[in-house]
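**Q** Read off the chains here:
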Amino acid sequence: MTDSTDTRSERPVSERCFISEAGLRDLTADLLESGTEVIAPVAEEICASPSAVASAACRMPGETPVEIEYRRLTDAAELDVSRGLPVLSLKGFFLPEHEALFCWEQRGTTITIKPVPTTFAPRVVLAAKPCDSAALEIVDKVMNWGHEDELWNGRRAATTIINLTCPSIDESCFCTAVDLAPDSTKGADGLLIPVEGGYLFEPSTDRGREFAEAHKRHFASGCGGEEHRNRQAEDERAAARTRVAANLEIDAASVRDWIDTHFEDPLLAALGARCNGCGACTSVCPTCHCFDIIDEQTGVGQGTRRRCWDGCQSRLFTLHASGHNPRDTQGARYRQRLNHKFAIYPLKFGEVLCTGCGRCTRVCHAGQDLVEILAAIDVAARRPGTTTSPQEDGGSSAAPPAEEQVAS
Amino acid sequence: MNIYQPHLMTVVDTIDETSDTRTLRLEFADQELRESFEFRAGQFGEYSVFGAGESTFCIASPPTRKGFIECSFKAIGKVTNALREVNTGDTIGFRGPYGNWFPVDDWRGKDVVFIAGGIGLAPVRCVIWNVLDRRDEFGEVTIVYGARSVGDLVYKRELEEWAARDDVRLVTTVDPGGQTSDWSGQVGYVTPIVEATAPKAENAVAVLCGPPIVVKLTLPVLGKLGFADEAIFTTLENRMKCGLGKCGRCNIGPVYVCKDGPVFTAAQLKALPAEF
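Protein chains in written order, with our numbering: chain A, 100 to 507; chain B, 1062 to 1337.
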């Protein structure tokens, strides 16, 4: 693995500074007080219906079921750093589910375009999950491929992101299989590592260092001189990595090359067999960035052109006006998703379009399990010239119906 | 500059090509842009009717004619039907030019064979005029154009103009049953007409655009006539929203039609997954 966090951990520990639980809350209160937008995980109590409880982040007997989501805080007390993965990633704070690209007004034949701002007020994300910050840096590449997306870049430039070593690893996580880690600072400006009584903060960018400097009254002086806390932090990070790595190990380069050269392979068709195209995976995915552009008439002679999330699992996504559809089966659409994430994007931009957060697996009501699917492809990729079905490899995907076997 | 914000263009002319296909001639509202705007043959744009949305077409006029651009479209969806309704003097939006282009400069000294079916003549027309406006630089020019019926032939005035030129060999055809009593062109599908026309392949390039079936069937015929895959150029269409490689829907395997295309050689086409 070539995770850059390895080199970061070799950085002098003097860059680390301790912040207590109370200090983090006070820092948050200060930010809010100064009018800075703060985005952080918040626990929301949910109704105790069996289905809601089953999917809740906290479902221990006797505990109130909650869902975690990233929210703009209104009060520092809302900050909830210690529980599960937010249902949605940070994506929506950078690529909103729908947003105005510009507005227009028409008087007679005269059209006036009213631009939208592309610069944003500074804001801070606290306790971001490493898989969510990493996604932003990955998507930066497509948003700056040739033409620069000012709306995306504006929000990125305005945002300081402080990660928290992931406290919520479960069986669907596989960040270590895609060159990330539960303590990665990719896409972030620093990392909070839980230690006794609080956190060690480790900046990873100049912006992160400036953040620590600007809020130094909340950090302990001496910045990490206490050796036991450093040891604790290292143990915490190593343990988190080990927990995730047990879920999945793949050779991403082999997987990329295999998918790239096996477009018609029955395995790829079989892997999509259970998918019914609901598109939930693309909504919850931190790296899925595909969008639609639509016009919204907001009144007589006025309107807004909007960008809205869209996803490759929808039949309409690629449907031509003529009725022709290049991806006219669900098998073809699922293959596109795998292909885009694990072959096309790596070939274009040098890294997979996936952070291993596992949300697609958790949200899939048809039981598509990306850990299982990648493992099956990895097995095929390690045996050149052969293919396997997920069933042979312990998966449970049924053979696809004939019409789903996407032929040339 | 917000890359999704279009330029405003004034409709200066509308031409009904067929019962459902229309050409718009457009001028940039901004005087400076009208003079400075440049593009290459084969590039496309996003045309929008405010309130209806954006749609993707090639620029159908040649880069050798300045001060305006033209687009031709079939009124078939929401935006194209809204575009069908605009009148001279109306304002529409345009983003572009996007994508790659036909390497016309590389064809100097060569024969050029144009083959188009139906509305597929729109992107080819841009290249035809580009070549005809620089006529001395190229060898023989052959145009084979077919449509379902006489009524479906687009750019009828230009077909007459090309037919009248002695430096262009024009062959027009309509599908069997699509001819009228006064039709003087060929009757038959484009592919066999290309085979019968038999343009020579030596020191020649072919530009091919039409419905997928025409492209699929004509490629082997061109091969049989001796055209190398690298000497056959086509332009692809896929559903697009941004035109900028970001919205994620126009790719064919690893190739993005909006950025890597829309112009491809037959050799490039054959290397792509069969998903277009």
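If you're looking for bench data, these hints aren't it; they were derived computationally from the structure.
On a predicted model such as this, the values are computed, not experimentally measured, just so you know.
Cβ atoms here follow ideal geometry from the backbone N, Cα and C, with glycine treated the same way.
One or more of the hints may lead you astray.
[Stated by the list, open to error] Not the full set, but computed from the structure, chain A residues with beta-carbon under 7 Å of chain B:
(1) Glu177
(2) Cys202
(3) Phe219
(4) Phe362
(5) Gln396
(6) Val399
(7) Cys407
(8) His419
(9) Ala420
(10) Pro425
(11) Ile443
[Claimed, not checked] Residues of chain A clear of chain B, computed beta-carbon distances all greater than 12 Å:
(12) Glu168
(13) Ser181
(14) Asn243
(15) Asp248
(16) Gly253
(17) Arg255
(18) Arg306
(19) Pro365
(20) Cys377
(21) Ile393
**Q** For every hint, state whether the structure bears it out.
**A** Evaluation of the provided hints:
Below 7 Å, beta-carbon pairs count as interface contacts, and A:Glu177 has none with chain B, the closest being about 34 Å; its hint is therefore violated. A distance limit of 7 Å between C-beta atoms decides the matter here; for A:Cys202 the minimum to chain B is near 10 Å, and the interface restraint is violated. This hint is violated: A:Phe219 has a C-beta 14 Å from the nearest C-beta of chain B, more than the 7 Å allowed. Given hint, A:Phe362 at the interface with chain B, holds; its Cβ is 4 Å from that chain's nearest Cβ, closer than 7 Å.
A least Cβ separation of about 5 Å between A:Gln396 and chain B falls short of the 7 Å threshold, and the interface hint therefore holds. Taking 7 Å as the C-beta contact cut-off toward chain B, the hint placing A:Val399 at the interface is violated, the least distance being around 10 Å. Evaluation of the A:Cys407 hint against chain B yields a violated restraint, the C-beta minimum of about 10 Å exceeding 7 Å. Because the smallest distance between the Cβ of A:His419 and any Cβ of chain B comes to about 6 Å, under 7 Å, the interface hint for this residue holds.
Of the supplied interface hints, the one on A:Ala420 holds, with its beta-carbon coming within about 4 Å of a beta-carbon of chain B, less than 7 Å. Because the smallest distance between the Cβ of A:Pro425 and any Cβ of chain B comes to about 5 Å, under 7 Å, the interface hint for this residue holds. Hint on A:Ile443 holds. Least Cβ distance to chain B is approximately 5 Å, under the 7 Å limit. Here A:Glu168 stays apart from chain B, with its beta-carbon at least about 25 Å from theirs, past the 12 Å limit.
Residue placement check: A:Ser181 keeps its beta carbon more than 12 Å from all beta carbons of chain B (closest about 35 Å). Separation of A:Asn243 from chain B is inadequate, the least Cβ-Cβ distance of about 10 Å not exceeding the 12 Å criterion. Some Cβ of chain B comes within 12 Å of the Cβ of A:Asp248; the nearest lies about 6 Å off, and the non-interface call is violated. Here A:Gly253 does not stay apart from chain B, with its beta-carbon only about 10 Å from theirs, under the 12 Å limit.
Against the 12 Å criterion, A:Arg255 stays outside the reach of chain B, whose nearest CB is about 14 Å from its own CB. Under the 12 Å C-beta cut-off, the non-interface status given to A:Arg306 relative to chain B holds; the minimum distance is some 25 Å. Under the 12 Å C-beta cut-off, the non-interface status given to A:Pro365 relative to chain B holds; the minimum distance is some 15 Å. Listed as a non-interface residue, A:Cys377 keeps its Cβ farther than 12 Å from every Cβ of chain B; the least gap is roughly 18 Å.
At roughly 6 Å, the least C-beta separation between A:Ile393 and chain B is not larger than 12 Å, which violates its mark as non-interface.
Checked against the numbered hints given earlier, the structure breaks hints 1, 2, 3, 6, 7, 14, 15, 16, 21 and satisfies all the rest.
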